[in-house]
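Fit chain B to the known structure of chain A by using the hints.
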Amino acid sequence: MSDIAPPAPPRCAAIIKQEAGVWLERRDRPGWSAEDQRDLDVWLAQSPAHLLAYHRVAEAWKQTERLVVFRRPGPERAQSPGLTRSTIVKFAAAALFLIGVLATGSLYYLNQPTGRSFATALGGHKIVTLSDGSHIELNTDTVVTVDMTAGRRMAALVKGEAYFDIAHDASRPFTVKIANRRITVLGTKFRVRGAPGKVEVALLDGRVWFDTETKGKRTQSALMSPGQVLVATADGIKVTSAPVASLENDLSWRSGMLVFRRTTLADAAREYNRYNTKKITIADSDVAKLTISGILPAKDLNAFTHMTKTFFGLHVQDHGAELVLSR
Amino acid sequence: MSGAPMRSSDALDWFLSEVLPLEAKLIQYLRHNWRDSSAVDDLLQDVYLRVFEAAMRQIPEKPRAFVFTTARNLLISRFREQQIVPIEAVANLDALDVALDQPGPDRSVIARDELRRLRAAIESLPARYREVVVLRRIENLSRSEIAIRLNLSEASVSTYLSEAMTALADALYRQTEKGRGQ
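Residue numbers (my numbering), protein chains in the order written: chain A, 3 to 329; chain B, 7 to 188.
What the hints contain is simulated information worked out from the structure, not anything from laboratory work.
Quick reminder that beta carbons are idealized off the backbone N, C-alpha and C, glycines included.
Relax, there's no trap hidden among the hints.
Below 27 Å or equal to it, Euclidean Cα-Cα: the simulated DSSO-like pairs (lysine-lysine) are:
(1) A:K200 with A:K179
(2) A:K64 with B:K31
(3) B:K68 with A:K64
(4) A:K200 with A:K281
(5) A:K291 with A:K281
(6) A:K200 with A:K240
The following label-pair restraints were derived from C-beta to C-beta distances:
(7) A:C14 with B:E129: 23 to 31 Å
(8) B:S150 with A:V326: 41 to 49 Å
(9) B:A133 with A:I297: 27 to 35 Å
Looking at chain A on its own, in the form it has when it is part of the complex (with noise of 0.2 Å):
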């Protein structure tokens, strides 16, 4: 037996490599047959350069299942799929939000902040996964520090709104700071938005204590369930109920989203100008009481304008930086 027989001369490698990758793709997908097998099998056993080639391939591409720490917990993920209404809307949704992510040409999901600031700008949105698997979303203008420790997990809203979904540690609560007032939570979801002199914090899941710090002193405390809704002002603190599924409409932004339900046109207005940097103005106060009912994409203003066009026959003004409604 000849000690080095060189294989048959072995064809291009570059060919081979990419043949390998074809293999790899079909494996993956469903329905992989018997039939399939074999024929693979023939390949591999066509040439050793063909058999390291593929395995070459499927090592790689097999470490890319620790990407899964990266996975975005959603609850239109987590259910399965019925041909149910809102299933579709939230599947349309989730398709929206993943294009705005990807137009960003940056996988923040791969960031792992410590002692970090995060920011977006008018009409941005980015999702910062930090190194305890918790996930946070930046909406338009938003600015979110972070500080992770061994013994402390420690964010501040300094502007904005942002989505958390916090990864459960009894060791470590998670303390989200808004000016003097503090969210400390075990593992939730909730959203906060901060404006000038007023906190909103709506919480979907789990527990999560509100206090006000004046002086150094906690003046305000309040223990939040989910389906809450605090809103804290320099009046005080008002607790309200809503349906946890229309806290996850309001949440919408996550997917690009605005949702209205008998919203008057000057609300509309009013969050549309939160993500645009052209700003819609009404003209009169008849207009500004309008309602309307619907999903449409944040930074769409055209399909706003056109329907306000097609509903309620108004005039569109279009002065470059600000877009004019009247009748």
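Only chain B this time, still in chain A's reference frame:
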């Protein structure tokens, strides 16, 4: 069924765990010593084949030394075939000893490093490859769902995925030290 005897699967396991991690260094070595850089993939394949055939008979005890010695012998035989031995090639071939003396990173460092390396590899991919990898692996979407998201046909998604898989293997195994963790 794999159709391969036990020894061949042992050799394959050994190849994947011991030889593949050397690919970046090996490529570097081959590039240094062979003028025609377009031939490097073929040279690498030849080195892998020789190493693998040897491992089918007996698993080499010192993978690193074995792989680089095989590469060196391959280059020498190629030089002979071409009947030209560039002076600098001989000088560089000697540099092999230096490469062999460098200890490889220990296992725990490799394990800790893997996720970071994987990220760096994915981030280095062209945008379209990166997108399909993210959609497939992080978002766990099917090909038809990816097709809808990216406004492509399913066939195109499959093509991109297969190319992305190949590109990812190259990016992962050919990352140089200074290219890592950026």
